[in-house]
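Asker: Residue numbers (my numbering), protein chains in the order written: chain V, 2 to 258; chain S, 15 to 189; chain U, 2 to 457.
Mixed in with the good hints, there may be bad ones.
Simulated pairs of lysine to aspartate or glutamate, EDC-like, Cα-Cα distance not exceeding 16 Å [said to hold, decoys possible]:
(1) V:Lys44 / U:Glu111
(2) V:Lys44 / U:Asp176
(3) S:Lys153 / S:Glu165
(4) U:Lys60 / U:Asp139
(5) U:Lys264 / U:Glu203
(6) V:Lys246 / V:Asp219
Rather than coming from a laboratory, the hints here were simulated on the basis of the structure.
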Amino acid sequence: MTADVLVPTSADEAASLYGDGAGITVVGGGTILLPEIAVGRAKPERALMLHRAGLGTIEVAGDRVVIGAMAPISAVADVPDGALGQVARHLADGEIRRTATVGGNIAAAAAADAQRGDLGAPLIALGARVRSTGAGGERIEPIEEFLAGDRGRLVLDVQYDRFERRSGTAALRRRHAHSFSVAAVVACARPDGSDLRIGVSGVGPTAVRCRAVEQSRDAADVLSDVEPIDDAVASAAYRRAVLPKLVRDALDQLEPA
Amino acid sequence: MKLIVNGMELDVVSPPLTPLLHVLRDELDITSPKAGCQQGGCGTCTVLVDGEPRRSCLTAVATVDGAAITTVEGLGERDALSPVQAAFHRHYAAQCGFCTPGMVIAATALIERAGGPVERDDVLEALGGHYCRCTGYVKIIDAVMAASRGEVEEIEDVPVSVAGEPEVQPKGSPA
Amino acid sequence: MKAVGARLPRYDGVGHVTGRTQYVDDVRVGRNLWVKALRSPHHHASITSLDTGKAEQMKGVHAVVTHLDVPKNVYGHLEGLGVPADEPLLAEGDVRYKGQPIAAVAAESEAAAMAAVEAIEIRYEERPALFDIRQALDPDAPQIHQWGNVYPHYGPYNHRRVRKGDIDRAFDDADVIVEGVYRPQAIEQMPMETQVALVVPEASGRLTIYSCTQAMYFSMGVVAAHLQVPLNKLKFVGGTVGGGFGGKVDTASETICALLALKSRRPVKWRWTREEEFLASSTRAPWHIELADAVTKDGWILGRRTLTLHDSGAYARFSPYGLTKHAFHHSGAYTIPNLRFDGFVAFTNRVPTTAMRGFGVTSVSFAVETHLNRIAEVLGLDPWELRLKNANRIGDTSGNGVVLKDPSTVPVTLAAADRVGTELSASFRAMTPEPRTGDLLPAHLVAQQSLNGERA
Chain V
2 MTADVLVPTS ADEAASLYGD GAGITVVGGG TILLPEIAVG RAKPERALML
52 HRAGLGTIEV AGDRVVIGAM APISAVADVP DGALGQVARH LADGEIRRTA
102 TVGGNIAAAA AADAQRGDLG APLIALGARV RSTGAGGERI EPIEEFLAGD
152 RGRLVLDVQY DRFERRSGTA ALRRRHAHSF SVAAVVACAR PDGSDLRIGV
202 SGVGPTAVRC RAVEQSRDAA DVLSDVEPID DAVASAAYRR AVLPKLVRDA
252 LDQLEPA
Chain S
15 MKLIVNGMEL DVVSPPLTPL LHVLRDELDI TSPKAGCQQG GCGTCTVLVD
65 GEPRRSCLTA VATVDGAAIT TVEGLGERDA LSPVQAAFHR HYAAQCGFCT
115 PGMVIAATAL IERAGGPVER DDVLEALGGH YCRCTGYVKI IDAVMAASRG
165 EVEEIEDVPV SVAGEPEVQP KGSPA
Chain U
2 MKAVGARLPR YDGVGHVTGR TQYVDDVRVG RNLWVKALRS PHHHASITSL
52 DTGKAEQMKG VHAVVTHLDV PKNVYGHLEG LGVPADEPLL AEGDVRYKGQ
102 PIAAVAAESE AAAMAAVEAI EIRYEERPAL FDIRQALDPD APQIHQWGNV
152 YPHYGPYNHR RVRKGDIDRA FDDADVIVEG VYRPQAIEQM PMETQVALVV
202 PEASGRLTIY SCTQAMYFSM GVVAAHLQVP LNKLKFVGGT VGGGFGGKVD
252 TASETICALL ALKSRRPVKW RWTREEEFLA SSTRAPWHIE LADAVTKDGW
302 ILGRRTLTLH DSGAYARFSP YGLTKHAFHH SGAYTIPNLR FDGFVAFTNR
352 VPTTAMRGFG VTSVSFAVET HLNRIAEVLG LDPWELRLKN ANRIGDTSGN
402 GVVLKDPSTV PVTLAAADRV GTELSASFRA MTPEPRTGDL LPAHLVAQQS
452 LNGERA
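For reference, chain V alone in the conformation it holds in the complex:
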């Protein structure tokens, strides 16, 4: 490999080396990038490796959880409030979860014909905010806005507030490891039903927030929030057929037992 390799030893150094991202290939866990290099589709010229930048911690305070971008996905299996762990446990398999990172799952380049980023759904439902750096400096924004944006930024961490909430998760998956979800829905709300947030993944290039359903509480409205795609995992038609049922299921789980 003829790449120049940069290995920052602090978050500030990482941000400074990243600059506005031009000409930089970020190396997080490497689970997406290394296969692309192996077949010649990625040819990094300047590789920014984050494994020593101190971005791998998970802080659980009384009022919020902050997950560093380099936290391995295996580490979020047990973070409080459960919704994130419920989804994380089904990603890839145990060996890959130890290498893949939360930041990589969020920042994974959206592809028109393949969906990734299954963690997007629970993070949306948890009202998570992404702290990133890039052109214009550092900023914090709701994750659904980050996902819908241009994405050429370095993810530093993702955080969400802790409060009493119920969560419901409904996903349609193949019955084996390594399958991206056909579709996954995560809904969170306070016990009184307020602050309902719903995230859906598997239906398009990125996870999406379902504002129409949050308003109406009508599961069928999910189809006005998302535009499912055809890919190797499932057809758009099939996704359209199952999504309202998954949303209904997730919403039902929010009801008191």
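Chain V is fixed; fit chains S and U onto it per the hints.
Answerer: Just chains S and U, lined up with the frame of chain V:
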């Protein structure tokens, strides 16, 4: 960079982004981890990094600088197989053998972590990312569970008749 | 016979569990070059220009080969069996499947080889592609093979034929005609070891070829034919194959590596990626099988009409042979006295297909057995009894007139029923493979019977 491979400290000169798989295979000539897919999809490249099973094809070597790497060569040898290796052999858990190193590594880590007998579901969870196209998996699962129960059996070779004694009788169908 | 029935350890078991078993990619011969191929991005196209000059000059590149470097570019795997050659080792003038190899590079690293492949200058003119074998016989379909879209060399025919008895009479005599269409799809064998070849030019002028082929002597002949060298110039070293399942019977990687080894005078290794394996390695063929059975109310199968289309992909390879095996087995393990079978090997712009686990036979078995269940359903009969009644017995003859001396259909069916706990009536449970008599020998089965061992 340094790696401690099967207990031996080695200097590594491959570039930092080189997958650990290729450092092991091509720089160090340790060939038990295989390049089955180079996408993390198959499990044939799995090694232990500081005791944890990881896909070596997805691990840039710089990220494991100084780590202890274990491959099957470090688990046991012909005349001193590890319990997992012996169980795989005893239970016919390998046919072409290409998936075997990865399976053995993952199973070894599972049993180490569990510290005792494991259930079928534990095996499915731990080995769930490993493909085998030959065996149909049943014997692999049997082998792992047997190893976790500490079942150690002799590996018998072809029975040999001794002059004057009756011909050794078949022991029944191997299936 | 002390080994038969004994529980013996695998001779290679210890090697497998200690990671010592050596596959081709594990062989070390000193520093080798790495190969990457230029593969067609199109399903069907003419190559209007090809220039490897820039690629040859790239850093780390030792050799680039195209069809111009192949002494005999078009060699047929089954020329010895009467199947003429149709497939180039490296594409010459046109490409007929996405992934078809056009050129190959040997360089100091895989990255250098990939960069050189990208520097090959090539221009294509796309042509209409054909994917649906049902259009193969349609004169308006795109013509994609020099033989036409259907293999024409089954003697005087463009299809494999089986004719037995009087099929029209059987269909007239039937109470019901049961039809079905069965379309088993392509399957990628997906061995855990991808295709890999390592070729070492020796000081003696011979080549040592480490190959993952399932058929060493066969591949030796293929390499010798393409290179136009005597067999004694090649030393093939096989060993443990990391799974083949039929997908490594038609490897071409050794031949291409051999060309690069000769040109570069260095050891050359080509290790396919998993993507390449899915894209460009041969698969089990898709099939289109139409069955129409003439049956009586009480469950006799009087006759069967079969139309099979076998999707050979872009070139013939072993498909004519696979279809022949399929034809042989199209009546299944059952005695059907009147048969009309027509099977076509059809070309499409897909990766050429090949063997996998019961080449040609698994497809027809799937169709036949499913069809029997369909017949049982239509007639309201028990599917086990339907099978036992029509099962091959001693002295019955197959579709090709082979006299059956020891058919196992009856005992196997009974054993299967027993294994799954299916209750059968006493008369069925008592059935044997002995020659048909009495109720098991209705008039329409007399003519096909051959009790003296000679063809009926």
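Asker: Work down the list of hints and note, for each, if the structure agrees.
Answerer: How the hints compare with the structure:
no.: 1; hint: V:Lys44 / U:Glu111; in the structure: holds, 13 Å
no.: 2; hint: V:Lys44 / U:Asp176; in the structure: violated, 69 Å
no.: 3; hint: S:Lys153 / S:Glu165; in the structure: holds, 15 Å
no.: 4; hint: U:Lys60 / U:Asp139; in the structure: violated, 50 Å
no.: 5; hint: U:Lys264 / U:Glu203; in the structure: holds, 13 Å
no.: 6; hint: V:Lys246 / V:Asp219; in the structure: holds, 11 Å
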